[in-house]
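Heads up: the protein sequence lines correspond to chains A and B, in order. Residue numbers for the first sequence follow this note's numbering, beginning at 289 and rising by one. Residue numbers for the second sequence follow this note's numbering, beginning at 56 and rising by one.
Hints listed in this document are in silico derivations from the structure and should not be mistaken for laboratory results. Fair warning: this is a prediction, and the values are worked out from it, not measured in the lab. Each hint should be verified, as a subset may be incorrect.
[Unchecked claim] Using C-beta positions, here's what the derived DEER-type ranges look like:
no.: 1; chain 1: A; residue 1: T309; chain 2: B; residue 2: V72; range: 42 to 50 Å
no.: 2; chain 1: A; residue 1: E700; chain 2: B; residue 2: L499; range: 46 to 54 Å
no.: 3; chain 1: A; residue 1: A297; chain 2: B; residue 2: L280; range: 43 to 51 Å
no.: 4; chain 1: B; residue 1: K190; chain 2: A; residue 2: L742; range: 49 to 57 Å
no.: 5; chain 1: A; residue 1: H409; chain 2: B; residue 2: S251; range: 47 to 55 Å
no.: 6; chain 1: A; residue 1: A301; chain 2: B; residue 2: E369; range: 31 to 39 Å
no.: 7; chain 1: A; residue 1: L403; chain 2: B; residue 2: V72; range: 42 to 50 Å
no.: 8; chain 1: A; residue 1: V712; chain 2: B; residue 2: M56; range: 21 to 29 Å
no.: 9; chain 1: B; residue 1: S251; chain 2: A; residue 2: L403; range: 49 to 57 Å
[To be verified] A few chain A residues that don't get close to chain B, going by computed Cβ distances all over 12 Å:
no.: 10; residue: M289
no.: 11; residue: N292
no.: 12; residue: V305
no.: 13; residue: F321
no.: 14; residue: P359
no.: 15; residue: R502
no.: 16; residue: A602
no.: 17; residue: M699
[To be verified] Calculated Cβ distances over 10 Å to all of chain B for the following chain A residues:
no.: 18; residue: L398
no.: 19; residue: R646
no.: 20; residue: T664
no.: 21; residue: G744
Cβ atoms here follow ideal geometry from the backbone N, Cα and C, with glycine treated the same way.
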Amino acid sequence: MLFNSISFAFFFAAIFVVFWTVFIGNTRLRNAFILGASYFFYGCWDWRFLGLIFFSSLCDYGIGIAIDSCPDTSRKIKKRWVALSLAINLGLLGVFKYYNFFIDSAAAVLSPLGLELSSLHLDIVLPVGISFYTFQTLSYTLDVYRGQMKATRDPIAFFAFVSFFPQLVAGPIERARDLLPQFERPSHFNAHVIRSGFLLALWGLFKKVVIADRLALGVDAAFQDISSLDGNMAAIALVFFAFQLYLDFSAYSDIAIGTARMLGIQLSTNFKRPYLAASFGQFWNRWHISLSSWFRDYLYIPLGGSKKGAKRTAIHVMVVFLVSGLWHGASWNFVIWGALNGLFLILLDPWVIRPLARLKGVGRALQAIAVTVCWTVSLAFFRAQDWHDALLVLSALSDLRFSEFNGILGMEDFEFKGTVVLLVALVAFEWVQEIRPRLADAFYEKNRLVRWSLYGALSMGILLLGSFGLNIADANFIYFQF
Amino acid sequence: MIATLTLLDQSHLFDDVVDQNGLEYKRWAYLHDMAENEIPLDLVILGNSHAYTGINPGHLSAALGVNAFVLANAGTYVADHYWNLVELLEIHSPKTVVLETYGINDFSREFMHDTRLVNQLRSFNARRNLRTKWKSVIPLFPIDHWGIAMSPTLRNHHYLWTGFPEESKIDWVQEKRYLGRFIRFTSGLQDSTLQSYAANGFAVQGREQLISDESRKYVQKIHALCEARGINLMLLTLPMYELHVNEPESWIGRYDSLALAMSIPYLEFQTKSDLSTYPEYFENTRSTNQHMTFEGSVRASDELAQFIDSHFPESTHLRENEAQWQEFHSGNAGYYRYNFVFQEDSLLDIVAENLELPEMMIKQITAQSQGNTKSDKIITVHVTDYTGALDISSCDLKLSFNYVLATDSIEKTATLRVPQYHLIQREHFNVFQTAVIPLEIIKLTGVTLSPKKP
């Protein structure tokens, strides 16, 4: 059940009505309802994996209580419980997501030596959202271990926290200390909050079906036949993909945050105009924020962060980015992509990007452009099937000839131009938001006619300009694969 | 929003582009045309592409003296057949329904994606009765496709991006008669394909051809609907080449049980006929979906006609003496299989008449354009008074002639083998018939009868 489907619209409408009418007075019943709805939502993909999410939740619920029950002096026992949680959660990830990657990699290395491992390759299906809910439930155990929160004794609230359907399959990866208490409090109907959630979800849907999915038509056409790409087409394909990825994922986050808000739950911000970042450091504070901050809190800082000198800091950064690459996908592509972005942060930020700020007038814009261009180049490894294809795309870039622009990537002429206009409008809109961060708040102060005109325009835009209907492939969200 | 969508739908701005082959639309146009002109429909064949390539409604009509129509759309399933029948019964009252079984395999609404979805949508859109469409959209499509099924605006709004197509309104009812079939394949299995069977084995595993619960439910609904209206119902399985299907008995057995449970007749050609043994009866492919050729369809139609005649005699030979019926069908290829030409027809060329040969009389040689495809001609030869020593029922007829192609004005000479794939031996004549590329016969130079090639 995709966010951009009619079935989800019906599903959510029913949940919304029942939530605010039937279960509003009883927190436990409300949580049980959310839990049931979330398991139904997840089961629509594959009911067999419900057991997995239940098992993961059950383990961390029990381990949380076990850690909390240990006296403060028993640090060793607490450590063992945390180790068990890590083993279970990372073990699940290891089996379902990384087993074949490691087997195939080992087989490639060992086969010249006569060791045949390919028979160990298993036909494993990757459960949707496993990387997201595993990290979310892990953060709970780690926070309880660190004493940053008390373990919950309410199993329904905890299971609902792990499986909360708006953010179950692609985040934002919520911290237990932020989200869990919201399940332990009664909900209060607030029309303003619900309205803002609705608009955010509508805006997310618009970004997804009108822009991201249309960009996908061009990107998919380009990456299906990489060998025939010339420099211009490769550049357009990468730029389109950079925007497709951003719009697709931020759209999912917007819909997740918006629908959660309509149920009275606040989720954390996941994107904050990343393509206007003035450095790579800033970029990672604006892109997939919930994952970046997860790695910062549970990997980078425990490794030592920036407190052990420049060299160690660089090593810590590289470790985080390599792991982050691997988190995105079990293939060497993503490892290279992670490594590239780590190097950008370590090398380009201090030596190239930040010095650009000295250029008065254009410095800020050049910083944003430089960061976005480097990021876009790195996405060749994110999108291509393997590193060989990625190198083909990058080598095609060397043949870039702006004077001979003719590639429109399998789109109609008007479709291509219209898509470019939409992208320019989007960047302009984000720039205005960058200057006036309270633009959305100001919107709610407008009169009803203005507000409803926008709702109507967005809705009709989705229906008439959206990329769906005949001859359009099912448009999944990109981050579902992780 | 709904009001805007309704207005846009009503404006027909986003209506589907339908090419000249829009058979789904054409079939309904002719069914409505028949109803408006009070031409009754007696026999209807429900199914998918197997039905409209494998059954020749002209032949059925001629053989049974009724009006038969193939209401079958490519890539559709039994659920679609059911709703087609429901809508058909709003305008016609057939006496017999033949349900071809290919659409019964494994239909499930939840697996309606890509090509399956597009095919089902095409068939759905071609229907004209808004009430039955509203009733059928929920059972036919998963919830996410309800919008694009019902609203051309939602379905085709991409015209805003890709440009609006040229005017695509087609006046379908242009021919004298169209009975729902579509000639696609005129040449049978070639040697290379036959060799690939030897190399690669069977293309279809009969054991894997299952009937889903949903399909079974729809067959039962068709049965109940027919029973309530007093309509005869039978199941029909058209064949694929004998080397195409492994263990056909297990596949056929499922339909046999289904028919038995409903106490309705079942005719299958896969195991209980020699149809599946002739390479020339089948499309030249080893892919899973193998259809019948023109020749195969004529033979299958003849045998189906005999079966219907014996099982439902009260519903056949109702109209053959009616002038309206004769006028309606004369000119159809099937008509001349059972009758001499006696009316002028714009689609028909009489190549030769009353040729007196040493051992036989050629009453007529006719060449007919097929109005529905514009790409084939049917050659029909009526032989009478044969006195030769050969067994005519195991002979081919060879025509030598000069001709020009429709696309080329250069005159050529050829010898055409008109195979005796199923001899119709009426009271006064024997009929040889085959489909050829579009050509115009300039001069007939010879006719010989020779034993059929092994």
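Hint by hint, which ones does the structure fall short of? Failing hints, ascending: 3, 4, 5, 6, 7, 9, 10, 11, 15, 17, 21.
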